[in-house]
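Note that the protein sequences, when read in sequence, are chains A and B.
In case it helps, the working numbering puts the first sequence at residues 16 to 465.
In case it helps, the working numbering puts the second sequence at residues 441 to 518.
Derived from the structure by calculation, the hints contain no laboratory data.
Virtual Cβ for every residue (Gly too), placed ideally from N, Cα, C.
Worth double-checking, as some hints may not be accurate.
[To be verified] Derived DEER-like restraints, expressed as beta-carbon distance ranges: (1) B:K446 to A:A176: 33 to 41 Å; (2) B:D482 to A:N443: 56 to 64 Å; (3) B:A466 to A:Q231: 17 to 25 Å; (4) A:K298 to B:A466: 49 to 57 Å; (5) B:S470 to A:L224: 17 to 25 Å; (6) B:K446 to A:Q23: 48 to 56 Å; (7) A:L463 to B:Q485: 36 to 44 Å; (8) A:G444 to B:A466: 55 to 63 Å; (9) A:G187 to B:S512: 45 to 53 Å.
[Unchecked claim] Mimicking BS3-like on lysine-lysine, the simulated pairs with C-alpha atoms at most 25 Å apart in a straight line are: (10) B:K446 to B:K457; (11) B:K513 to B:K446; (12) B:K457 to A:K399; (13) B:K457 to B:K513; (14) B:K446 to A:K399; (15) A:K227 to B:K457; (16) B:K513 to A:K227; (17) B:K513 to A:K223; (18) B:K513 to B:K459; (19) B:K457 to A:K223.
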Amino acid sequence: MDMMIILQMILASIGGAVVYTIIGVAPGTDETAVLAPVTIALALLGLSPYVILAFFISAIVAKKLTDSIPVAVAGIPGGVMAAPMVEHAMVLKAHGMPDVSIKKMSSGSVIGTLIAIPASFLIANLILPYADTISEYAGLIFFFGAVFLALLTKNKILSLAMIVPFALLIQGLRHLYWGLDVIPADETVFVSFFLGITIGPIAFTLFKLLNKENRQNTPRLGNKEIRLKASKKEKGIPNPFKVLTKKESGSAALGSFLGSVTFFLTPVGMSVFLGEFLTRHIKDPVQRASRAISTMDGLTNAAYISGTLIPLIAIGLPLSPTAIGPAAGLFNAPPVFTPEHNIHHMLSIGEIMTATILGASIALFITYFVMIKYAGQISAFVFKLVPHEALIGLFAGLVVMLAFMDAGLINIFGVILIAIVSGLLHKNGVNYGVMFMVLYAAPWLLGLLS
Amino acid sequence: MGEENKNYVEIWGDNVKLKDLGIAMALCISFALGGYILAPGDAPQPLIIGLIGGVVGFISSSIIIKPKRTISKMDGDE
Chain A
16 MDMMIILQMI LASIGGAVVY TIIGVAPGTD ETAVLAPVTI ALALLGLSPY
66 VILAFFISAI VAKKLTDSIP VAVAGIPGGV MAAPMVEHAM VLKAHGMPDV
116 SIKKMSSGSV IGTLIAIPAS FLIANLILPY ADTISEYAGL IFFFGAVFLA
166 LLTKNKILSL AMIVPFALLI QGLRHLYWGL DVIPADETVF VSFFLGITIG
216 PIAFTLFKLL NKENRQNTPR LGNKEIRLKA SKKEKGIPNP FKVLTKKESG
266 SAALGSFLGS VTFFLTPVGM SVFLGEFLTR HIKDPVQRAS RAISTMDGLT
316 NAAYISGTLI PLIAIGLPLS PTAIGPAAGL FNAPPVFTPE HNIHHMLSIG
366 EIMTATILGA SIALFITYFV MIKYAGQISA FVFKLVPHEA LIGLFAGLVV
416 MLAFMDAGLI NIFGVILIAI VSGLLHKNGV NYGVMFMVLY AAPWLLGLLS
Chain B
441 MGEENKNYVE IWGDNVKLKD LGIAMALCIS FALGGYILAP GDAPQPLIIG
491 LIGGVVGFIS SSIIIKPKRT ISKMDGDE
């Protein structure tokens, strides 16, 4: 590893931390939608795998640190993963302790990151001997993954019933493009289909609004009311282990470790389940809420990091909700990364570790200290200056461009088709994870059926 | 604000005005796709120009469009 690469890794990590600190604060931003397209684009640009990995880890640590901040500052989640924490943060807010919320949550995040990195390397090493067997049955595993995730969703029967038809839609479009000579027979459209699923819920809502009747029946809202609490100025550099009590650090660490072990399960689900399970016995509402938010924040961080690292180190196939979602670009960004040739195959365990530690430390250093000191100011800046329309517009722009890049003009419409179908399914309780798994399993599944 | 109030819909966790969303999407899509198509040179140059185009679209729509949020400061919410 020469100096140039190290310098690039540092710059990429700083860039990732700064940009995703801001995106993390923006209300409601979906992790997959904001992280996957950018990571994929960086991979397609041909940056070194070290740089891409360091960027990704830094971005995800920063995003996970900050997406809980608007919960404490304004009562709205900064990301899908922060939603389960709203209830507990509201308890602290009702007791006049919003500052405490911010500190407890960011400190929980720091613990989650610190636990997850070594835990991931440990677990990955335990899995490593079975990696070849796992890769051999990838198609089958993705299919069972889809079935398994389908059984965990609200709408089990619809989720199960849609597996084959959805695979048919994906493979059908690919065969159409091959048949029309839009792309050569040895190329597979992946990236834009992936993004199509990601933007599904937004696309479906927008297309529904094209119908006049729907438009008139949609509830009309005024400005979103955001109440910012002036937080006290911090003196010096806060120590996350002093912010949390011993018991809070303990359950945050335990939650983070359990979150790493269950890397293959859905992080939101685990966060709700374990977060409640580990704090259920506490009677005092303030103590309980403060323990719950630090534990949940640690857990979601850990689940994200280990969900990325364990499959990346051990298998090289995206076999966790994080790896098939936000981290998809590290595994599959054809033609640069493919399931047979990606960061797993290009870097050694030591090299993956170096890039991870570098990215995570830079993000922790920048984001943790900046957030603890200036949470209120940064939130106010984002809320005042970044319109939600521009964020949605940016992602629409990226998706359309990448769709055109994958398979030309016709694919823009192909991606719209996938987005509307996925959006409809998502609205009816089919989890993203099921659809992503089907996207991976589709060639194998239809090979089996035809 | 004023008479324009109660005119927004919720998409993706925040309130937007459909007309503004249309403008933002049109700007970002035309800058990103336009940049990609018009860029000279071979890969990855079109992608770089396209990404820059997307960011230009994002910044210009951030300047044109006002966020639909009312921010009130509360001091000492004890």
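Outcome of the hint check:
1. B:K446 to A:A176: 33 to 41 Å: About 40 Å separates the Cβ atoms of K446 of chain B and A176 of chain A, which means 33 to 41 Å holds.
2. B:D482 to A:N443: 56 to 64 Å: violated, 44 Å
3. B:A466 to A:Q231: 17 to 25 Å: holds, 23 Å
4. A:K298 to B:A466: 49 to 57 Å: The hint (49 to 57 Å, Cβ to Cβ) holds, given that K298 of chain A and A466 of chain B are roughly 55 Å apart.
5. B:S470 to A:L224: 17 to 25 Å: holds, 21 Å
6. B:K446 to A:Q23: 48 to 56 Å: This hint holds: roughly 49 Å between Cβ atoms.
7. A:L463 to B:Q485: 36 to 44 Å: holds, 41 Å
8. A:G444 to B:A466: 55 to 63 Å: violated, 33 Å
9. A:G187 to B:S512: 45 to 53 Å: holds, 52 Å
10. B:K446 to B:K457: holds, 10 Å
11. B:K513 to B:K446: Since the Cα atoms of K513 of chain B and K446 of chain B sit roughly 22 Å apart, the hinted pair holds (cutoff 25 Å).
12. B:K457 to A:K399: Holds, at about 16 Å.
13. B:K457 to B:K513: holds, 24 Å
14. B:K446 to A:K399: holds, 19 Å
15. A:K227 to B:K457: Holds, at about 16 Å.
16. B:K513 to A:K227: The hint is violated at about 38 Å.
17. B:K513 to A:K223: violated, 36 Å
18. B:K513 to B:K459: It is violated: about 29 Å lies between the C-alpha atoms, which goes past 25 Å.
19. B:K457 to A:K223: This hinted pair holds, its Cα atoms lying about 15 Å apart.
Of the numbered hints given earlier, the model fails hints 2, 8, 16, 17, 18; all others are met.
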